[in-house]
Amino acid sequence: MSAVSEDLALALELADLADSITLPRFRAADLVVETKPDLTPVTEADTAVERAVRERLAQARPGDAVIGEEYGDSGGAGGGRRWIIDPIDGTKNYVRGIPVWGTLLALQERDQAAIGVVSAPALGRRWWASAGAGAFGADGLSEEPRRLRVSAVRALEDAQLCISGFDGWEQDGGLERLLGLARRCWRTRGFGDFWTYMMIAEGVAEVGCEAVVSLWDLAAPQVIVEEAGGTFTDLAGVRTAAGGDALATNGLLHEQALALVGR
Numbered sequence: 193m194s195a196v197s198e199d200l201a202l203a204l205e206l207a208d209l210a211d212s213i214t215l216p217r218f219r220a221a222d223l224v225v226e227t228k229p230d231l232t233p234v235t236e237a238d239t240a241v242e243r244a245v246r247e248r249l250a251q252a253r254p255g256d257a258v259i260g261e262e263y264g265d266s267g268g269a270g271g272g273r274r275w276i277i278d279p280i281d282g283t284k285n286y287v288r289g290i291p292v293w294g295t296l297l298a299l300q301e302r303d304q305a306a307i308g309v310v311s312a313p314a315l316g317r318r319w320w321a322s323a324g325a326g327a328f329g330a331d332g333l334s335e336e337p338r339r340l341r342v343s344a345v346r347a348l349e350d351a352q353l354c355i356s357g358f359d360g361w362e363q364d365g366g367l368e369r370l371l372g373l374a375r376r377c378w379r380t381r382g383f384g385d386f387w388t389y390m391m392i393a394e395g396v397a398e399v400g401c402e403a404v405v406s407l408w409d410l411a412a413p414q415v416i417v418e419e420a421g422g423t424f425t426d427l428a429g430v431r432t433a434a435g436g437d438a439l440a441t442n443g444l445l446h447e448q449a450l451a452l453v454g455r
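Numbering (my numbering), first residue to last: 193 to 455.
It is worth saying that the hints were derived from the structure and are not from the lab.
Pairwise CB distance ranges (calculated):
| no. | residue 1 | residue 2 | range |
| --- | --- | --- | --- |
| 1 | Asp364 | Ser197 | 38 to 44 Å |
| 2 | Pro254 | Ala374 | 45 to 51 Å |
| 3 | Ala244 | Pro291 | 19 to 25 Å |
| 4 | Ala374 | Leu315 | 23 to 29 Å |
| 5 | Arg375 | Val430 | 23 to 29 Å |
| 6 | Val224 | Ala325 | 35 to 41 Å |
| 7 | Gly326 | Lys284 | 27 to 33 Å |
| 8 | Glu349 | Val224 | 45 to 51 Å |
| 9 | Arg243 | Glu349 | 43 to 49 Å |
| 10 | Arg431 | Ala252 | 27 to 33 Å |
| 11 | Ala434 | Arg248 | 23 to 29 Å |
| 12 | Thr227 | Arg341 | 39 to 45 Å |
| 13 | Pro291 | Arg243 | 22 to 28 Å |
Computed cross-link-like contacts, SDA-like style, restricted to lysine to any residue with a CA-CA straight-line distance of at most 20 Å:
| no. | residue 1 | residue 2 |
| --- | --- | --- |
| 14 | Lys284 | Asp222 |
| 15 | Lys284 | Pro233 |
| 16 | Lys284 | Tyr263 |
| 17 | Lys284 | Thr239 |
| 18 | Lys284 | Glu236 |
| 19 | Lys284 | Thr227 |
| 20 | Lys284 | Gly384 |
| 21 | Lys284 | Gly316 |
| 22 | Lys284 | Val404 |
| 23 | Lys228 | Tyr263 |
| 24 | Lys284 | Arg217 |
| 25 | Lys284 | Ala220 |
| 26 | Lys228 | Asn285 |
| 27 | Lys284 | Ala240 |
| 28 | Lys228 | Lys284 |
| 29 | Lys284 | Leu315 |
| 30 | Lys284 | Phe358 |
| 31 | Lys228 | Arg288 |
| 32 | Lys228 | Val405 |
| 33 | Lys228 | Val404 |
| 34 | Lys284 | Asp211 |
| 35 | Lys228 | Asp359 |
| 36 | Lys228 | Arg243 |
Cβ atoms here follow ideal geometry from the backbone N, Cα and C, with glycine treated the same way.
Could you build the full structure based on these sequences and the hints that come with them?
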């Protein structure tokens with residue numbers, strides 16, 4: 193087994209571990225929810241997942257750095273390898289009993305995306321990719337995982353745009369840019385969070401963008417979108433998951449979308 197496939201196998205194992213924690217506590221009447229300093233919610237499941245994943249990584253990859261939403265950065269990695277954890281992407285959905293949430297796990301090597309896994313157990317869905325080896329998804333509808341490919345839509349007028357909401361766009365003064373893009377697209381839906389990017393990778397949506405977002409929200413989706421043939425940048429057009437905002441497309445529409453919504 194190659195080093196890359198060993199890392200992917202570990203990432204999938206970590207996703208299984210996360211699912212074993214998050215799913216039993218989903219819609220639990222006694223779920224403990226607290227408010228973080230930034231006024232966003234965090235549940236006992238968020239913190240439990242990140243602790244468990246960090247403990248397993250300390251055993252399996254003791255030389256690697258780890259950064260996560262709940263417990264921050266463990267420090268630099270001597271080998272330039274860093275695991276990135278979002279224990280529950282979509283915590284507000286999780287708290288409200290909406291099944292659109294998932295665990296996001298990524299591995300970067302020298303700041304380059306290497307592996308991404310997104311697991312959404314309440315939806316019965318999982319997506320994964322490793323650099324140079326393609327992107328795949330499993331949904332329980334077929335026995336074998338399927339290879340993911342972005343769509344071939346070439347006109348914004350035929351494209352589906354996915355957004356998480358208006359809040360971030362209002363905060364940074366970009367709401368009119370977003371509305372300009374939305375007016376050009378065939379259809380706009382607020383699926384939000386990780387699912388936006390997974391639908392682009394699956395070829396059922398063409399454009400997704402967020403104005404305020406963090407590295408752990410984007411690192412895993414970036415690998416999956418790119419390995420499915422799409423393009424993933426920040427709103428300045430830089431290929432990165434660390435820009436604080438994001439634009440993902442099927443690639444064919446990226447420059448058109450960036451011209452309307454970019455900074």
